[in-house]
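Asker: So the chains spell out like this:
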Amino acid sequence: MNRRAFLAAASLPLLPSLARAQSPVTITGAGATFPRPVYERWGQAARAEGIQLNYQSIGSGGGINQITNRTVDFGATDAPRTEAQLREANLIQFPTVMGSVVLIVNLPGVADNALRLTPEVLTDIFLGRLTRWNDPRLVELNRGVSLPNLPVSPVYRADASGTTFVFTTYLSRVSETWRTGPGAATSIQWPVGNGQRGNEGIANAVRQTPGAIGYTENAYATVNRLVTTQLRNKAGNFITPTLPAFEAAARNADWTRPGFAADLVDLNGGDVWPIVSPTFILLPTNPTAERVEGSRATMRFFDWAFRNGADAARRLEYIPIPEAVQNAVRASWAQVRTPAGAAIWNA
Amino acid sequence: MSATAMHAAPARDEATARRLGRRRRLKDAAVRWLCLGATALGLVFLASILLTLLWRGLPSLDLLIFTRDFEPTTYGDDTLPRGGLRHAILGTLLQTAAATAIGTPIGLLVGTYLSEYARGSALGHAVRFVSDVLLSAPSILIGLFIYQLVVLPMGGFSGLAGILALAVIVIPVVVRTTEDMLSLIPNTLREAVVALGAPKWKMITLVAWRAALSGIVTGVLLAFARIAGETAPLLLTSFGNNILSGEVGKAMASLPIAIYQQANSGFPDLIAVAWTGALLVTLGVLLINIAARLLLRRKG
Amino acid sequence: MSATTMPAAPARRRISGTGDRIFEWLCRGAGLLVLALLGAIILTLFIGGLPAFREFGVQFLWSAEWNPVEGRERYGALVPVLGTVVTAVLAILFAVPVAFGIAFTLTELAPEWLRRPLGTAVELLAAIPSIIFGMWGLFVLVPLIQHHIQLPFGETLGALPLVGVLFESNNFAGTSILAASLVLAIMILPFIAATMRDVFDQVPPVFKESAYGLGATRWEVMTGVVVPYTRVSVVGGVMLGLGRALGETMAVTFVIGNANRLATSLFDPTNTIASVVAMEFPESLMGSLKQSSLLALGFLLFVISFLVLALSRWLLRPRLK
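Line by line, the protein sequences are chains U, S and E. For the first sequence, the working numbering begins at 1 and goes up steadily by one. For the second sequence, the working numbering begins at 1001 and goes up steadily by one. For the third sequence, the working numbering begins at 2001 and goes up steadily by one.
Honestly, the hints are just simulated from the structure, not real lab data. Every value quoted in this text rests on a predicted model; they were computed, and no experiment measured them. Heads up, some of the hints might be wrong.
A short list of chain S residues far from chain E (calculated; beta carbon distances all over 10 Å) [what the hints assert, rightly or not]: (1) Arg1018; (2) Gly1037; (3) Leu1054; (4) Leu1061; (5) Phe1066; (6) Pro1081; (7) Ala1126.
Computed beta-carbon distance windows for the label pairs [stated by the list, open to error]: (8) E/Phe2153 with U/Pro136: 23 to 29 Å; (9) S/Trp1055 with U/Arg307: 41 to 47 Å; (10) U/Ala289 with S/Leu1283: 42 to 48 Å; (11) E/Gly2287 with U/Asp271: 42 to 48 Å; (12) S/Gly1249 with U/Gly109: 17 to 23 Å; (13) E/Glu2108 with S/Leu1283: 30 to 36 Å; (14) E/Pro2097 with S/Leu1283: 29 to 35 Å; (15) U/Arg307 with E/Trp2062: 53 to 59 Å; (16) S/Asp1078 with E/Val2235: 56 to 62 Å; (17) S/Asp1078 with E/Leu2160: 32 to 38 Å; (18) U/Thr131 with E/Leu2160: 19 to 25 Å; (19) S/Ile1290 with E/Trp2314: 30 to 36 Å.
Cβ atoms here follow ideal geometry from the backbone N, Cα and C, with glycine treated the same way.
From just these sequences and the hints, can you work out the full model?
Answerer: Now the structure itself:
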C-alpha cells in the first residue's frame, strides 16, 4: 500500500501512464444510481479477488453516454437499450440484479407502510392534480391514518435516470393521461415538483421536506430509514414493499427478450409489487487492445458477483438473477472479442 | 453640527431651524444605523458560512482524509473502511498547479504587452476589453468551450481538458494584475534603464518585472486560489474520478468535484466528508488570499 | 539624467534589436491569442448550438418546452433564460442596498483602524468558492426558508392582494427562485461593495470637505456629493455584479429546484442556463439534439453576459483610471 502510494505520488507530474500497480486490476464503470448500493458492496468484497471497482453513479443516461464513448469499462442502466441501439453502439447488455421502485414520503405522524396509494392517486399527485395530503380521496383510502394538512411536494429526478424510466413506464401503463402526456423516458418534462440529482438526491430532499413524496430504488429508502407506502397492484391488492413482494414479481420475468430486457412493471399476480425492474450492464463487444484487460476483469467481477453476491444483494433487498439466466448471460459474453477476434471470456 | 439648513429653505425662525436640523440629524442617524446593520449583515453571512464549515467539517477532519482515497458509504457495516479525499486533494493540486503554470506566462506576456507596448492603441484597448470579459465570463461556458475543443476529439473526459479550462480562467487574472502592477512603475525607472543602453526587452524582463514582482506573484496566487475552488468547468472537462490517478489523459479527481458528488450522495458519512473537503478548500483559498494581501502590503 | 559614462556598443544594439522584435512579437502574439480565445469561445458555442437553432428555428428563444422524451424531443430557451435573468435581477435588488450600506460604512462611518480589517473581511467573502455557497445554501438557507418563512407565513403571504401571487406556491421543498436569488445576492455583495468603496474613495476630498463645512450631515454628503459624482461608476459596479450573477453555476444548481418550468412565484423552482447545463450536459449524448440545445443555451448566456459586462466596463473605465 505504501509503495503504491509513493509510486502514485511520484508519477503525479503529468506522467501519461501511471505504473499499474502489481496487485488489483481496476475496472471503471458509470451509470445508474439504482444498483449503486449493491455494486459498491460487491466492489468492496471483490477486492479480495484482486479487482478494484471504481463506480461513478451519475445516472443511467450518463452511463450510456460514457460507455458509448468508451471512457469507462462498463456502463450501467436500468433503462434497457433496444436491439438496434445495442448493435449500433457495439454493446451487449446483461442484467445483474433486480430492484424495485418504491414511493417515499415525509408525513409527520404517518408510520412506515401505513399510507395506501392507488395508481390513480399516484398519477394525480405527479400530474399536480392532487395537492394536499388531507384531500378527500386520500382520506377515503386511508381510514385510520391521520393525514396532516400539508401540501403535496413531489420530487423527481432532474438527471437522466433509469429509475425515472421504470417509474414513468409504470405510470404510463396505469394512466392513459400520463402516457399521452409526460410519457415514459429516462428524462421527461415533469408537470410539478422539484428535481434532484440521483436516487440519493430524492432521498435527501424527501427527508428534508414535510409533505414531500418521491420515487427511489428500495435500498435508498431502507438505508436512509425513510417511510415507504403501500401501492395497489393490478390484482387490486394493497402491497407492502418487502422482499417477498419483489420476488413474486421477479418470478414472472421473461428473460427471452433481446438484451435480457425482462419487463416486470405492473404484472398480474396477487402479491406482486407493481414496480420492479432488472438493472443492466452494457459492455462493448469490440474493446480496444488497452481495454481488453478491463473487459476481462469486468466479466470476472460480475461472474464472481453472480456466484457470491446473492447474500449481499438480498440483504439490501435486491433480487438476484436466477441461475439459468446467469448461465445465459455467461454464454452471451462470448460476443466480447479482442481486436484479433478471440473471445475474451474464458479465452 | 450647526443648525444651518443646507438644502431646505432658509428657516424663518430659530425654532423651525432647530426642528429641521433635528430631522436631518435623525435621518442621518437612522441611515447610519441601517448602514452599520448592512455591514453587520454581511459579516453575519461570512460568519455563518465559516461557522457552518467548521461545525460540519471538523468532525470528519482527521488523518484519514489525507491518506485515504474514496470509499463507498460504510452505512450498515462499521467494519468497512472510511474513505478520504487524498485522490481529490492531489488531483486538485496537480490540475491547479499545471493550469497556473500554463496560464501565468501567457497572462504575463499579455499584461506586459498592454502596459509596455500598447498603451492607448486600438489593439491594446481591444485586448484589455476582451481580457476583462474573460475575467468575469461564466466559468461553465469555459467548460463548454473546452468540452467541444478537447473532450469531444479525445473521446472522453480528461485531466488535460480540466487543466486547459482552468488555464483559460487564470490568464485574465494574471493579465489584470500584471498590467496594473507594471503601470505603477514610474517611467523614470524605465527611462533610466534604457538610457544605460539596455534593450527594451531586457528593461522589461530584468527590471520592470522584477520591480513589479510582488504584485505579479500576488496575482498568480489569487489566480491559483480562484481556480482551486472552481467546480463548473471541471464538471464538463475532467469530470472526477474515485481513484488516485496522475494520468492526464483520463478523467481526474478534484476537490470541488468530490465535494459536489459526495454532498449529493445522500449518505450522511459521505456528506460529512464533503463538508470536510469544503472546509479544506475554503481554508486553503482564504489562506492564499491573506498571504497574497500581506505580500502586496509589505512591498507596496 | 546625469551623464553616465557607458561604452557605446553599436554591435550589441543590432542584436538587441532582434531581441526586442522577438519579445515584442511574443507579447503581441499573446495579446492576439487572448482575442482569438474569445472568438473561439463564441464560435464554438455557436457552432455547437447550430443544430438546435436549425431544428427549432427562432422559436427556440421563446419556447417554454423542455421535453427530452425520445421521439418527442422539443427544447426551448425561455425557462432557463427567464430563470437566469430573474434570479440575477432579484439578486441585484437584494444586494445593492446592503452593498451600499457596507461601502458607506467602509468609507465614512467606520473608524480608521477598523476600515482595513472590515474591508478584508468583505473581500474574503468574495474569495469563498461558489460550491461552498451552494452547500451552505442547500443545508442552511433552504431549511431556513422552508421552516421559518414558507411553512409559517406562506399561506398568509399568498393571501395578500396584488403581491400575493408572488408567494403562492405548492412547492415546499425550499429550493426555489427565492433561495437562488438570496444565495446569489450574498455572493455578489462583496464585489459590488468593493467596487463602490473604491469608487467612493476617489471622490476628491475637497468636495466632501466643503460640504461638511456648510454643515451637511454624513448622509447628505453621501447623497448630495459622493453619489452624484460617482453615479456612473456605481452603476458600472452594479452591472459587474449583475454579470457575475448571470453566470453563477454551482451556488444556483444546489438551491434552485431544477424544474424546467416557468416559475410564477418566488417559492417556485425553476432553472437557470447555468444550472440546466451543469445538471444535464455531462450525461447528454455527444452530438445529440439535447447537447446541441444546451450549447445553444450556453451561447445565449455568453451573449447576455457579454453585453452586461461590456456595458459595465464602459461605465467604469474612464472614471476609475
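Asker: Could you let me know if the closest chain E CB is still more than 10 Å away from the CB of leucine 1054 of chain S?
Answerer: Non-interface label stands for leucine 1054 of chain S: nearest chain E Cβ at 12 Å, farther than 10 Å.
Asker: Does 42 to 48 Å hold as the CB distance between alanine 289 of chain U and leucine 1283 of chain S, or does it fail?
Answerer: holds (45 Å)
Asker: Check the non-interface label on glycine 1037 of chain S: least C-beta distance to chain E beyond 10 Å or not.
Answerer: violated (7 Å)
Asker: Is the nearest Cβ of chain E still more than 10 Å from the Cβ of proline 1081 of chain S?
Answerer: Nearest chain E Cβ is 25 Å from proline 1081 of chain S, so the label holds.
Asker: Can we trust that phenylalanine 1066 of chain S is non-interface, i.e. its beta-carbon lies farther than 10 Å from all of chain E?
Answerer: holds (20 Å)
Asker: Between phenylalanine 2153 of chain E and proline 136 of chain U, does the beta-carbon spacing fit 23 to 29 Å?
Answerer: Distance hint for phenylalanine 2153 of chain E, proline 136 of chain U holds at roughly 27 Å.
Asker: Should the hint that arginine 307 of chain U and tryptophan 2062 of chain E are 53 to 59 Å apart at their CB atoms be regarded as holding?
Answerer: Because 57 Å falls inside the window, the suggested range holds.
Asker: Classify the label on arginine 1018 of chain S as holds or violated, using whether its beta-carbon is more than 10 Å from each beta-carbon of chain E.
Answerer: Correct as stated: the minimum Cβ-Cβ distance to chain E is 13 Å, above 10 Å.
Asker: Starting from the range 56 to 62 Å, see whether the pair aspartate 1078 of chain S and valine 2235 of chain E falls in it by beta-carbon distance.
Answerer: Check passed, 59 Å falls within 56 to 62 Å.
Asker: That 42 to 48 Å hint for glycine 2287 of chain E and aspartate 271 of chain U (C-beta), does it hold up?
Answerer: holds (46 Å)
Asker: Just tell me: holds or violated, for the beta carbon distance of glutamate 2108 of chain E and leucine 1283 of chain S against 30 to 36 Å?
Answerer: holds (33 Å)
Asker: Between tryptophan 1055 of chain S and arginine 307 of chain U, is the Cβ distance one that fits in 41 to 47 Å?
Answerer: holds (46 Å)
Hint violations for this structure: numbers 2, 7, 12 and 17, all remaining hints satisfied.
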